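Protein chains in written order, with the numbering used here: chain A, 1 to 284; chain B, 1 to 310.
If you're looking for bench data, these hints aren't it; they were derived computationally from the structure.
Check the hints yourself; a few may be wrong.
Here chain B is said to cover these stretches of chain A; the calculated rule only asks that three of the stretch's residues, wherever they fall, bring their Cβ under 8 Å from a Cβ of chain B [to be verified]:
1. 49-60
2. 95-107
DSSO-like mimics (lysine-lysine), calculated; alpha carbons at most 30 Å apart, straight line [to be verified]:
3. Lys216/B x Lys132/A
4. Lys233/A x Lys281/A
5. Lys132/A x Lys114/B
6. Lys216/B x Lys128/A
7. Lys128/A x Lys7/B
8. Lys69/A x Lys215/B
9. Lys7/B x Lys77/A
10. Lys14/B x Lys126/A
11. Lys92/A x Lys215/B
12. Lys166/A x Lys113/A
13. Lys215/B x Lys128/A
14. Lys126/A x Lys7/B
15. Lys69/A x Lys114/B
16. Lys92/A x Lys114/B
17. Lys77/A x Lys113/A
18. Lys14/B x Lys132/A
19. Lys228/A x Lys238/A
20. Lys7/B x Lys92/A
21. Lys126/A x Lys215/B
22. Lys113/A x Lys14/B
23. Lys215/B x Lys14/B
24. Lys14/B x Lys118/A
25. Lys216/B x Lys126/A
26. Lys128/A x Lys118/A
27. Lys249/A x Lys220/A
28. Lys166/A x Lys118/A
29. Lys61/A x Lys7/B
30. Lys14/B x Lys92/A
31. Lys215/B x Lys132/A
32. Lys7/B x Lys113/A
33. Lys14/B x Lys128/A
34. Lys7/B x Lys69/A
35. Lys69/A x Lys14/B
36. Lys126/A x Lys114/B
37. Lys92/A x Lys216/B
As the structure is a computational prediction, the values presented were derived from the model and not from experiment.
For every residue, glycine included, the Cβ atom is placed at its ideal position computed from N, Cα and C.
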Amino acid sequence: MTNLIEARGLSKSYGSHQVLNSVDFNVERGKIVGLVGPNGAGKTTILKAVLGLTSYEGHLKVLGLEPDKQRHQIMQKVSFIADVAVLPRWLKVENALEFVTDVHPNFNLDRAKYFLSKTNIPMNAKVKELSKGMVAQLHLALVMSIEAELLVLDEPTLGLDILYRKEFYNQLLAEFFDEGRSILVTTHQIEEIENLLTDLLFIRDGEIVLDASMDEIADKYIEVMVSKENVEKAEALKPVMQREVFGRKVYLFEGVGREELELLGELHSPSVADLFVAKMKEGK
Amino acid sequence: MNSNYGKTFQALIKREYWEHRGAMLITPLSIAAFFAVLMLLGIFNNNVTFSTNDFQINFFEHLPKMAEKFDNANFEEQTKIVHAGLYTPMIFFGFVMLVISFFYTLGSLYDERKDRSILFWKSLPISDTSTVLSKFVAVCVLVPVLYFAVIVLFQLYILLFATVAAWFSGSSGISFWAASNLLSVIFNTLMTLIVVSLWLAPIWAWLMFASSWAKKVAFIWGTLPILLISIAEGYLFRSSNFIDMVGERIGNGFVILSYNTKILFDDHKFDIGTGNWYQTFGNMEFWIGLIVSAVFLAGAIYTRRHRDES
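From just these sequences and the hints, can you work out the full model?
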């Protein structure tokens, strides 16, 4: 089973409002997939469907199971971090460890204790006594100690300061991720994670507008800083986006040959953020 | 797999205890401590009285006479007096327990949505059925057992207190213990608390269902429908069967709770079809109540499972 998540014709509507419009995508084992889209595009709905937190229409398999019927079986192999606000405030750190040990067949207590020993979190503190950053560390320590095959992250660093945000992803890569596992992540801070991602999914108005690996994207999308005399030539090649940097035009091309573009100026890989803006404006 | 399930369920019960230790244990302990101190102060104020219709003891006004009076009473009278002393606090603690249970069930499936911690709980491999059932077991068994433990401590305190008081009046105080029938009192106390909670199970299950459903202020969602149905019935049929049924259910809960004491002094038995805890098992309404509870619980499970959480 290489596909940890398999969605075909996944749809969801609230009343007459169609949030997801027959979406197809896969998340393969060993991938870190960024699910990116503006607010209201359907990101969270996809995650909720995958986690069995909402009903949906269409075909959706997570680890071969159906999330709307088999959530609690799926959660033996899937971990989830929303933002830091979801750990119950009254819960003591030591009780959190005890509880997850009792209910989770794939939880490794020693590992969790090891992660916590590297933080300043006291075992007998309640969640409400911890700082936001500490709560995130605690949640991450719990989740990284679960032998999960799929980790779903929904804006996991929301409201954290920059130190914790960096640390969060670094730890995740160093201590959790390997070729047997996958991560599906949504975030508004794309710059933070673009170097981690292996695959990108762009979603707009309930539809997937880009589904590609980072390698494919690097091949297909090229940014060129065009010198003045080449501007006309560049525009003739129909760039998908243009912007100006220090008075020079920068064009983003989709599917135009590298050799052709090299004649126009300096080539770069576009940032995910620029690509995102281009894709979101496309056809509008 | 089965032992895993048992372990998960135990963890869920522990979870309820951790979250509600204040209401489930600290509250009754504080009340017990408060009354224990009050009784000690009472020695100096001479106003602690155990009384029955035909027999009255003012413990500390006439300490020397007290022991003599008690020793002179026949064994049956002695038992009555001691049981009155032991069961009366149970009624009071039991009342507190029911109030606590009301608010516990009302918040049971609402608070986790309000603080969004449901996203954490749902990220663990625990079914909605186990979660909802654990909260129901918590209110029907865990809460009564914890209140029972505190009550037993308090009952022992009362006996010790009376014994020491007896020493001051020259008696050994042993007759209190002999007349107390302590093991049966303890067993009765435990069973009464559990059976009261089970008798009221349809109320708890309804409140849990309302709690799983409530968008805001769970209190309104729990109480308003009962009120509206009653008003609608009164308006349409000029009758009050529904509110009578709810009222009777709650009223009879208090009857079961206070039965151990009332039986001591009332000659006429209650004619409401229920009585002490073991007679309750023979009451059809008790079992119907459990079936109704199951329906509400199924509703709560369904709602928790299919509700969209953001």
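Problem - Structure versus earlier hints, numbers of those that do not hold, lowest first - result: Structure breaks no hint.
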